[in-house]
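So the sequence lines, in the order shown, correspond to chains A and B. Each residue of the first sequence is one higher than the last, beginning at 1 in UniProt numbering. Each residue of the second sequence is one higher than the last, beginning at 1 in UniProt numbering.
If we take Cβ atoms under 10 Å as the criterion, some of the chain B residues that face chain A in the derived model are: (1) 13; (2) 16; (3) 21; (4) 246; (5) 248; (6) 251; (7) 336; (8) 363; (9) 379; (10) 397; (11) 405; (12) 408; (13) 410; (14) 417; (15) 419.
FYI, nobody ran anything at the bench for these hints, they're computed from the structure. Ideal placement from N, C-alpha and C gives every residue a C-beta, glycine not left out.
There are 2 protein chains.
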Amino acid sequence: MDNAVAEIAKKARVASRQLAIATRGMKDAGLYAMAEALVDMDAMILQANKDDVEKGKENGLTPGLIDRLTLTSERIRQISQALKDLASLPDPVGEVLRGSTLPNGLRLRQLAVPMGVVGMIYEARPNVTVDAAGLGLKSGNAVILRGGSAALESNMAIVSVLSEALESVGLPADAVQSIDTLGREGSVALMRARGLVDVLVPRGGAGLIQTVVKEAQVPVIETGVGNCHIYVDRDVDQDQALRIVVNSKTQRNSVCNAAETLLVHREQAATFLPSVVRALVDKGVTVHADDETLSVVGKMPGVVAAIDDDWATEYLGPEMAVGVVPDIDAAIAHIGTWSSGHTEAICTTSLAASEKFTSEVDSAVVNINASTRFTDGGEFGLGAEIGISTQKLHARGPMGLGELTTTKWIVMGDGQIRE
Amino acid sequence: MDNAVAEIAKKARVASRQLAIATRGMKDAGLYAMAEALVDMDAMILQANKDDVEKGKENGLTPGLIDRLTLTSERIRQISQALKDLASLPDPVGEVLRGSTLPNGLRLRQLAVPMGVVGMIYEARPNVTVDAAGLGLKSGNAVILRGGSAALESNMAIVSVLSEALESVGLPADAVQSIDTLGREGSVALMRARGLVDVLVPRGGAGLIQTVVKEAQVPVIETGVGNCHIYVDRDVDQDQALRIVVNSKTQRNSVCNAAETLLVHREQAATFLPSVVRALVDKGVTVHADDETLSVVGKMPGVVAAIDDDWATEYLGPEMAVGVVPDIDAAIAHIGTWSSGHTEAICTTSLAASEKFTSEVDSAVVNINASTRFTDGGEFGLGAEIGISTQKLHARGPMGLGELTTTKWIVMGDGQIRE
Chain A
1 MDNAVAEIAK KARVASRQLA IATRGMKDAG LYAMAEALVD MDAMILQANK
51 DDVEKGKENG LTPGLIDRLT LTSERIRQIS QALKDLASLP DPVGEVLRGS
101 TLPNGLRLRQ LAVPMGVVGM IYEARPNVTV DAAGLGLKSG NAVILRGGSA
151 ALESNMAIVS VLSEALESVG LPADAVQSID TLGREGSVAL MRARGLVDVL
201 VPRGGAGLIQ TVVKEAQVPV IETGVGNCHI YVDRDVDQDQ ALRIVVNSKT
251 QRNSVCNAAE TLLVHREQAA TFLPSVVRAL VDKGVTVHAD DETLSVVGKM
301 PGVVAAIDDD WATEYLGPEM AVGVVPDIDA AIAHIGTWSS GHTEAICTTS
351 LAASEKFTSE VDSAVVNINA STRFTDGGEF GLGAEIGIST QKLHARGPMG
401 LGELTTTKWI VMGDGQIRE
Chain B
1 MDNAVAEIAK KARVASRQLA IATRGMKDAG LYAMAEALVD MDAMILQANK
51 DDVEKGKENG LTPGLIDRLT LTSERIRQIS QALKDLASLP DPVGEVLRGS
101 TLPNGLRLRQ LAVPMGVVGM IYEARPNVTV DAAGLGLKSG NAVILRGGSA
151 ALESNMAIVS VLSEALESVG LPADAVQSID TLGREGSVAL MRARGLVDVL
201 VPRGGAGLIQ TVVKEAQVPV IETGVGNCHI YVDRDVDQDQ ALRIVVNSKT
251 QRNSVCNAAE TLLVHREQAA TFLPSVVRAL VDKGVTVHAD DETLSVVGKM
301 PGVVAAIDDD WATEYLGPEM AVGVVPDIDA AIAHIGTWSS GHTEAICTTS
351 LAASEKFTSE VDSAVVNINA STRFTDGGEF GLGAEIGIST QKLHARGPMG
401 LGELTTTKWI VMGDGQIRE
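From just these sequences and the hints, can you work out the full model?
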């Protein structure tokens with residue numbers, strides 16, 4: 001392992017022991033100190049960010065990436081407010097999850113405790129740096145951040161501000177550290193820091209997440225890829241279904257919980273497809289239609305023939321694959337083949353269909369008569385969101401602060417031995 | 001990925017969909033059918049096992065390994081009974097873990113659902129083959145087993161018996177499959193079967209577990225290594241502490257929850273060490289003593305000087321490292337440096353010491369005045385035990401059937417869209 005990363009990880013481990021026993025009051029004071037320091041040091045951070053943005057433009061970053069990279073006073077104020085909002089959430093640490101008294105008198109309690117050292121690897125969004133530091137602190141974890149070279153100057157400035165703020169209220173400065181200056185090698189070393197990093201959370205595009213999952217030797221929580229489906233059943237309220245499909249696709253199309261594929265029961269195809277395709281096209285969506293859909297809606301602008309790849313694609317944009325299925329089993333099978341396991345929805349008036357769909361579709365979130373766009377920690381009432389897990393180990397679906405904790409059994413005896 | 005493993009994993013996926021919706025009644029019928037088939041086909045299994053044992057002896061397996069490998073009619077009867085016992089446990093699938101109604105009227109429920117496809121890699125113990133199949137079935141998962149070449153014939157015989165038994169009661173034969181004939185390559189392919197295997201559980205020695213953790217690209221639950229400590233505090237009931245130390249070390253010394261290191265507060269050293277070292281030596285334990293311990297107990301048979309490696313060693317045998325610490329902080333620091341995070345115990349009469357120890361020691365299980373030997377799914381009342389997790393992600397400490405499940409959110413609406 002890279003020595004520089006090992007040194008940082010060891011300092012994080014020491015800091016994590018202090019954070020693990022910090023009270024909620026101390027952690028919330030840290031969140032406020034960080035929030036205020038960001039606003040106080042606003043000029044220094046904006047200057048560093050300006051350097052990143054200029055370099056990004058020279059290097060030909062897309063306007064979208066430049067926008068994500070760019071900080072303003074107003075954005076810093078929002079990021080700062082988000083830290084204060086975190087302080088208002090309950091402390092996930094110390095919750096008693098289960099307990100019992102055994103026949104021999106041993107008293108068992110299982111408590112939520114911090115993970116310890118959490119690594120985060122993400123792409124050039126300086127706001128995630130603050131976000132990760134805040135979530136880590138509130139859940140009692142030290143964080144090691146790797147934020148992508150395009151945001152190097154911004155992240156270094158932010159981490160130094162946050163670190164000093166923590167120190168100013170008696171919390172360890174090493175609770176928030178960056179390995180951004182260590183480049184790609186540092187990133188790989190972090191993925192392999194067995195025994196030093198308790199969990200690694202990649203946040204970003206599918207490529208980043210795949211790389212981390214494949215190279216990591218530390219436990220990983222995979223987040224985010226959402227190839228979400230809506231199935232419109234034979235028994236359906238077409239008006240309601242139309243609103244749900246349009247909302248799921250177009251309310252915001254660049255996010256993981258936007259719908260990417262619409263499957264329509266054959267008996268509804270003739271009446272539902274013309275109106276839904278028209279509504280989507282009117283909203284600027286390109287419809288990738290299968291043969292049966294094409295034969296129903298005919299040739300029209302905004303509609304193209306679907307290819308196999310369309311079923312596998314998370315468009316993250318104004319495009320939707322549309323197909324006809326003979327029955328609910330075919331819809332469930334299609335979803336089983338192509339879904340990324342994020343969110344799927346059924347539009348139906350049938351109790352039997354809703355029960356079948358929710359029990360047989362194997363995804364993190366399964367909706368009945370509701371937009372896929374609700375899969376979100378904030379919408380679910382979890383408070384802060386770490387990300388949306390698409391794996392099955394540890395966390396599945398929207399992750400709140402509780403998902404950054406693990407457990408500890410406390411066994412209280414008065415001399416019990418095993419016979 | 002190895003094609004043969006991919007084929008097997010795809011069949012497991014199909015079977016897992018059937019198991020996920022199987023009722024408890026169907027799964028318990030499967031457990032009984034497997035239990036009865038093992039006894040009925042006893043002669044065929046014993047013949048296959050005899051071949052393995054003979055080959056093992058030719059290959060120079062140790063008597064301990066030969067013993068673990070060997071089946072008898074009586075052992076088959078016990079294994080069969082264990083399957084029936086599993087049937088009596090509650091079904092972990094379908095439990096509602098949380099739920100709420102959102103301000104917009106959406107009703108949320110988070111349910112326990114099966115993982116899907118569970119891989120198990122273990123060493124030459126044919127009983128684990130049955131155990132894994134039973135645990136998998138009860139938790140609604142299909143299993144893919146890789147049991148080590150020394151038990152090849154036994155495992156093939158057992159898997160064919162179990163598979164046929166499942167089919168006889170209308171459950172999918174592919175719910176239990178083996179990749180034992182595919183050798184080392186098959187094993188590596190299983191570790192890399194991303195998207196086909198939901199979780200991989202290695203069971204066995206430290207070497208096996210390290211290999212799996214490093215090579216796997218699928219999520220892994222790390223089990224078992226236990227370098228467990230007992231700290232005897234300044235304020236202590238010496239008689240009770242003596243019983244706990246001797247029990248923790250000697251009640252069964254080949255298991256992961258046996259204690260490996262004893263740390264004694266300096267103020268107790270002069271009075272406690274002579275009696276505890278004598279008691280350990282009388283039970284046949286070799287004591288690896290640090291300088292201070294040596295100077296207290298003097299030269300005696302069964303006591304040798306400790307070296308640094310002793311603090312890191314899981315002896316799994318009649319040996320124990322013994323050291324003196326100046327205070328509880330030093331004990332906690334020692335444990336933080338050397339422990340594998342399995343189980344640690346404190347012997348104390350002080351409330352403050354017990355609180356400090358339980359809050360600052362970062363292990364799966366922390367005991368106050370109780371033997372380390374209690375860290376066990378059966379002892380904890382969890383019913384069946386999958387293993388003891390020493391990682392923090394997903395499960396920590398003894399794992400019951402519930403740890404072979406993940407969750408699914410069901411969101412019930414009546415047309416909600418996101419504004």
